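For this one, chain L is given, so just place chain B with the ligands on it according to the hints.
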Amino acid sequence: MNCKKEEHCEEITENNEEGSKRVALMSSRREFLRNTSIGAFILASGLVPVEEAAAGKKSADVPKAMKFLVFDPALCTGCGTCQMACSTLWNNGKASPALSRVTVSRNPFGTSDNNYSPNPCLQCVDAPCLKACPLGAIKVEKKSGANARVIDEKLCKGVRKCIEACPYEEKRITYDAERNKALKCHLCNGDPQCVKWCPNGALRFSGPPDFSPVVEYLPQVTKKPMVDKSFMIVLEEERKKELGYPREEK
Amino acid sequence: MPTKKIYGWTGKILKIDLTTGLTSIIPTMDYAERFVGGRGINAKLHFDEVPASVGAFDPENRLTVMTGPLTGTIAPTSGRVEVGGKSPQTYPNESYTVSSFGGWWGPELKYAGFDGLIIYGKAPKPVYLYIRDGKIQLRDAAHLWGKDIFTTQEMLWKELGDGRKPQVLAIGPAGENMIRFAIMMHGSSSASGQGGFGGVCGSKNLKAIVVRGTGYVEAAKPKELMDVSYAMNRWIYRADQRPEQWTNIASFHRIGWSFFQGQKVKGWKWLKNYTRKAEACHACPLGCRVFSNITDSQGRQGSAKCNQFWYEKYDVQRHKDITEVFYKAAKMADAMGVNGFELIGMIPWLQKCFEEKIFTREDTGIAIEDVGTLEFAEKLLKMITYKEGFGKILSEGSPRAADIIGRGSQKHLPHMNRGFAHHWDPQLWSPQALFWAMETRHPVSSIHAMYWVFRMYVQELWPAAGFASSADVVAWSRELFGTDKAIDYSDENFYDPVHATVAKWMREYDVARRSMIVCSYGPTPLFFSSYSSAPHYTIPLRSPDLESRLFSLVTGSDLVPDGAALIAAGQRIINVERVIAAREGRTREHDTLADYLFTKKKKGKVTGPGGKAIAVERAIDRTKFESLRNEYYRINGWDAAKGHPRRETLDALNLKDISVAV
Ligand code: SF4
Ligand code: SF4
Ligand code: SF4
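These protein sequence lines map, in sequence, to chains L and B.
Residue numbers for the first sequence follow my numbering, beginning at 1 and rising by one.
Residue numbers for the second sequence follow my numbering, beginning at 1 and rising by one.
Same shape as in the complex, but just chain L (with noise of 0.2 Å):
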């Protein structure tokens, strides 16, 4: 909480060049889309103080997340884009499934239209993770609001217990072994990265009060607003309702 800010900047930028001119993306994705020219994803503003609440903590210390990675598997085509946008744009350059803080199960032969689907971190509210770190590097970010969990890189040693703490078969945290950290989503910051690459609208970022969608651009290419019960959001049954979702249709 009381944390020195610009530090913070530099932990939440991993390992990104641009790290020690501090994080990251650009907060309005208007913004955004008349900028698509070099470097504009980048942009050097908003201080990100982490929260520090740390292993040891009882789960209800720990301020539960209210920003998730929600997808629609019926518009996954199995592309990796998602992929390819986080480990390319949070490793500095680097492009590689095993690198990305989100990946895609693909079943080529499945018969339901999750065969193709992403796997994002859920960002738990008893997150798993966070409290089997044993050097408490798991923070949770709150100046986005999402209060994502993520990994104070200063304080990794790629000890991994909070990959085996993961309780999914598809890992969500992710190793580096060049550097020896752990990898896991921070959400970018409330602007997920992920979500605008992915080239179907099948990964959105949403949450309470009303789980709408983030992205604009699909509904003004389809003239129809998506339908948001489509949506999928692996949470907690009990989170799930106490955040009112899915929200019943009119």
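Since the hints were made in silico from the structure, they are not lab data.
Just so you know, not all the hints are guaranteed correct.
[What the hints assert, rightly or not] Not everything, but these chain B residues come out facing chain L in the computed CB check (under 8 Å):
#	residue
1	Phe150
2	Tyr230
3	Gln301
4	Trp452
Predicted model only: the values in this text are computed from it and were never measured.
Ideal Cβ positions, reconstructed from N, Cα and C, are used throughout, including at glycine.
Below, chain B with the ligands alone, put in the same frame as chain L:
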């Protein structure tokens, strides 16, 4: 000299001798500077390593499998892989040709540490090649031999999966049995189909190539690369202004194919009843493969591209409507590893031969009147795959089968050149006639370089997907070729020499893209429409500068600084391929078209004067066509007698090492 950091590439091509299991590494950069990657590097590797006398099924034949500098990055449509080698399918002689496939295999190969593979020799028993993060293994494939392509992939996922599936490129029984048109396939429908390289794998006892990597591909200028990719993806959105009932991005392909089949209503029905979502290759914003909701006999569903339609016509004729049969037949062929594109030619040829009583049911065991049923397709596929009875002759491919049978069956072949069945319309678009005459195979990627966009335009299928107005079309012609005539396919202008220039340019553009690699089918042709007044983002997205820009941003090199350099690289590669063809004995008499194209008229819509859509009906005039082809030789700097590259031409293209060998 300190070694320069390489971006884009891993720097290593793996060479593996299946006979001995010995491997070596060839530095990619020895080849990449002049030949870019993919199709370009394959050509030079083949030139260096395979003498003309080597046959397709000889152990000495090399199967070269190359990615490009863009493969595995975020560059849109950079998921494809190029395959090259002596082909068993090309006719009249087994000759060097190329093939490519999409999906996610190529990026995975690079993440596993290699840019490409050179595979030669013959394993003493069935094996599969397993590459995992730089480690190479030849593993026993006895348990996989005889299994279909889908089952093989599932077995290998199980065997080798580590939470994530490895990517598998496999052959089916058709490849194992070395039929001449066997495919290699990855996923549900990403195939190296034309060329018969599945049979080449079979001849080497190679059942599959499995890759799994956790490495990365590093871009030199990631931020700019991401910006350009982002803008391209948004541009595709603009192109994809789709009616409401079209649920996703692949829709306009669906509709294009339906029209292609001349089955407008059936097309809609197919779209509505039998499809559910799109599937895309690595980093592709388009997703041209359509996922079907039809479950095959083994309980799988899958995706398919246009190759799913080889049986559709017969399905519709038989059942008076489109049914599940066409798709099930297509998936059966895929599973066995048979190339459906050859069947597009074979079935009408069989029908004609039965009609003319060249052979009968007793001779062949084929009940031709059953065509359209699933049983017919299954029986035909099985007899070909397992070389049973008459199937042994058919497994040679229709052109060779016709030679074996004789009795005038040859003249009924719908094969345009080099032993490949008809596709698209050389009678309508003269550069297509040159592609068919000059290419080492079925020239689908050169055609796709522009013509699907032109066709969409003239058929008013989807103005937003390509050219919106005649002014756009003319602008394209003027800017690229300095004249309005390059898009004029009226009878008066059909043989204008400018079309030789257009054909040359398109072929060069195509092979350069196939060396980068960006998809030829994919959205890049759309970026020609920015020659018009159509709005785009602040980043100029003009092909062919766009492709060279992607190359520069990934590699950080200035080897291909602009569109002109891209075309020049394409020209160099085409000349290497032409020298290989010349060495194999190809001369001007092979640079022609099937006789029927000179006599049988074709009706259709093309762009005419001023970029307006006009209706035409014509066959190709042989003499005029030949002079157009001679013009094509001349502007290429090839000699008039044989159409072979002149020594000066090669020297000027920085191909001294090749001109010395000629
Ligand atoms: S990384 Fe795994 S455990 Fe941690 S918040 Fe994300 S999904 Fe939950
Ligand atoms: S939100 Fe940001 S960090 Fe998380 S997966 Fe997407 S791009 Fe990666
Ligand atoms: S970018 Fe979108 S469509 Fe592509 S894999 Fe990711 S979620 Fe699916």
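Now the hints, each set against the structure:
Given hint, Phe150 (chain B) at the interface with chain L, holds; its Cβ is 6 Å from that chain's nearest Cβ, closer than 8 Å. Nearest Cβ of chain L to the Cβ of Tyr230 (chain B): about 6 Å, under the 8 Å cut. The hint holds. The beta carbon of Gln301 (chain B) is positioned within 8 Å of a beta carbon in chain L (closest approach about 5 Å), and the interface hint is therefore held. The beta carbon of Trp452 (chain B) is not positioned within 8 Å of any beta carbon in chain L (closest approach about 20 Å), and the interface hint is therefore violated.
Checked against the numbered hints listed earlier, the structure breaks hint 4 alone; every other hint is satisfied.
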